[in-house]
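Asks: Can you make the complete structure from the sequences, with help from the hints?
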Amino acid sequence: MSSLKAYIITRALLVLPTVIILLTLVFFILRILPGDPIAAMVGQKVPPEVLEKMREEAGLNKPILVQYISYLYDIFRGDFGRSMIWGKRPVINEIADRFPATLELTIFAFTISVLLGILTGSIAAFRRGSKLDASMRVYSIVAYTLFIPWFGMLLQMLFGVYMHIFPIGGRIAPGMEPERITGLYVLDSILTFNGEALSSALLHLFLPSLTLGVVLSGAYTRIVRNNLIEVLHQDFITAYRARGIRRSRIAYHAMKNAFIPVITLMGLQFAILLAGAVLTETTFSWPGMGTFLLERIQYRDYTSVQGAIVFYALFVAVISLIVDIIYALLDPRIRY
Amino acid sequence: MSKMKGAEVLLEVKNLKTYFFSRRGVLRAVDDVSMSINRGEFIGVVGESGCGKSTLAFSIIRLILPPGKIVNGQVIFNGRDILKLPEEEMRKIRGKDVGMIFQDPMTSLDPLEKIGDQIVETIMEHEKMDKKEAWEKAAKLLESVGLTGDRVNYYPHQLSGGQRQRIMIAMAISLNPQLLIADEPTTALDVVVQEKIMDLLDDLRKEGRAIMLITHDFSLAVDRADRIAVMYAGWLVEFGNAEKLVEEPLHPYSDGLIQSVPDIWIDREIKPMPGFPPDLTNPPSGCRFQPRCPKAMGICKEKEPPTLEVDGRTVKCWLYK
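Residue numbers (my numbering), protein chains in the order written: chain A, 1 to 336; chain B, 337 to 657.
Just so you know, the hints here were simulated from the structure itself, not pulled from any lab data.
Just to be clear, a hint being listed does not mean it is correct.
Claimed, not checked - Pair ranges (Cβ atoms, derived): (1) His164(A) to Arg359(B): 23 to 33 Å; (2) Pro403(B) to Val142(A): 41 to 51 Å; (3) Ile325(A) to Asn512(B): 35 to 45 Å; (4) Arg359(B) to Ile107(A): 40 to 50 Å; (5) Ser248(A) to Gln410(B): 26 to 36 Å.
To be verified - Not the full set, but computed from the structure, chain B residues with beta-carbon under 8 Å of chain A: (6) Leu399; (7) Lys428; (8) Arg430; (9) Gly431; (10) Lys432; (11) Thr458; (12) His493.
Computed from a predicted model, the values in this text were never measured in an experiment.
For each residue, glycine too, the CB sits at the ideal point set by N, CA and C.
Replies: Below is the structure:
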């Protein structure tokens, strides 16, 4: 397994250039955008000399390369800087406030997408050529091409506005927030035995995670179906049958084999999941990283946006590393 | 089990027809085949690729997948027509009473499971046994096929083709089946390993098991088989005593196959047979072998030949009418 260790270290080192490239792109693109945080915050009514003074205080008057290098220097010391607007809170605190909401949403959406994908994909594969197969394939394409805000609003209309079953926005009913331990409301309310908070959190989670989960499940349906069909045609499945192994066990072995490429997809999907989360969060006024990012881009809050992007990049890198490790543990043929 | 009784019939195939229904038409992969296997007997089933040998084997254990279908006939195993059994009953026969070995050992093992797990799963599917005992039995089985017992902890990719085929054999005999069907068990292996696997099959026969060896290589069957069945284009064209069949083949196709086997000891000219087996969705009129047959007569093109009893063998040819 020491080669696995070496692999992990190599992978971790590769994160570095990825983050630097991303950071550089974000840094310059933000500054190409018209406007800056000071103008966005105070508006046009302030005299130009005051604006100039505020810019100086924020360090925005220095040459852009100097700003870039000093920002890189700070990031590598682990300092994400302070927000450039209003309270000037440390960016890391802002992320700590917002990230648990996104994490909670993505965990639920991810679980829903994988379960839905495996369910629909394996139904299609085991009933290949049937009408059921055809409908699952249609589901896959439709789900894959759904536009998140549109689909989200449809669910809001149906379950929220007409049927009054689920709330259409927010993370939890006002004033019901559980005591903060991890920031994940569901987990925290379980840890503090707060049943009311738990049910409220779950109700609020349902529509956004279903929206995101359904949209992302389409890709899984497809890959699970195709892999499973391929595996079911392999010799070792025939060999299992010839040894009189029962159907359910053969299905288990087939699913296990078909699941390996699905894990690869999970790693890739995770980045898409986070992007989808931005759209989902804005549709459901979910106070996570997505709404945070969007809001701060509008205010040209350079440090907050940069900080959020770096954080996202690190997060995706860690997740894909974990996925690769699971992959190696599941498939004995891969032991790096 | 180990007692060799004179000629007690273990398996009897009667008028078996297995067809594949494709868009191009009906493919008659096994067409009206009747044969039998006695207890402890070694049967060789030979013929070129695509002559229905494997389909015959898979029909016997009822593993024909759509679009294939057994349309007619009986497979009487231990006195019961197993084609009439419910699927669940049939499943209990597979692996327990009939073991099967496949052509490609590289793809016939589940790549994600340890060898031991695969053997143990097979044993425990059919027999009540606790897990530890089953693992010990798995190790013993591996030793009985010439591997070391510690191979139970290996994954398939860590083993060679020959070793994997031994594992397939170990699994096939794990429940002591009375019949072992080996479908081209050595085709994917090199010659030295091939010989060892064949010796292993021979040993298993000596323990009293009936063996049905399916091969396109006549020379493999000749050395070991008691009886040989020659298949051509879904028909059983000749079936009988191996020695007699080789020395004096009745059917021109048997003769052609024997002539085309190279022999490194005797300086004999090899005569490869001209032509190919026909398209079974659209077989030739009359006798299916007639377009390639050196002894074809007028009637061969017109009518399907009858199956005749000649010299204790069955032969499907107009020459003996």
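Asks: For every hint, state whether the structure bears it out.
Replies: Evaluated hints:
1. Against the hinted window of 23 to 33 Å, the Cβ-Cβ separation of His164(A) and Arg359(B) comes to about 54 Å, which falls outside the hint.
2. For the pair Pro403(B) and Val142(A), the beta carbons lie near 30 Å from each other, so the given range of 41 to 51 Å is not met.
3. Here the CB-CB span from Ile325(A) to Asn512(B) is close to 42 Å, well matched to the stated 35 to 45 Å.
4. Distance hint for Arg359(B) and Ile107(A): a CB-CB separation of about 47 Å, consistent with the stated range 40 to 50 Å.
5. For Ser248(A) paired with Gln410(B), a C-beta distance near 30 Å keeps the hint of 26 to 36 Å intact.
6. At about 6 Å, the closest approach between the beta carbon of Leu399(B) and any beta carbon in chain A falls short of 8 Å, and the interface hint on this residue holds.
7. For Lys428(B), the shortest C-beta to C-beta distance to chain A is roughly 6 Å, which falls under 8 Å, so the interface hint holds.
8. At about 4 Å, the closest approach between the beta carbon of Arg430(B) and any beta carbon in chain A falls short of 8 Å, and the interface hint on this residue holds.
9. At its closest, the beta carbon of Gly431(B) sits 3 Å from a beta carbon of chain A; the interface hint therefore holds under the 8 Å criterion.
10. Below 8 Å, beta-carbon pairs count as interface contacts, and Lys432(B) has one with chain A at about 6 Å; its hint therefore holds.
11. With its C-beta approaching chain A no nearer than about 5 Å, Thr458(B) sits inside the 8 Å limit, and its interface hint holds.
12. Given hint, His493(B) at the interface with chain A, holds; its Cβ is 5 Å from that chain's nearest Cβ, closer than 8 Å.
Checked against the numbered hints above, the structure breaks hints 1 and 2 and satisfies the rest.
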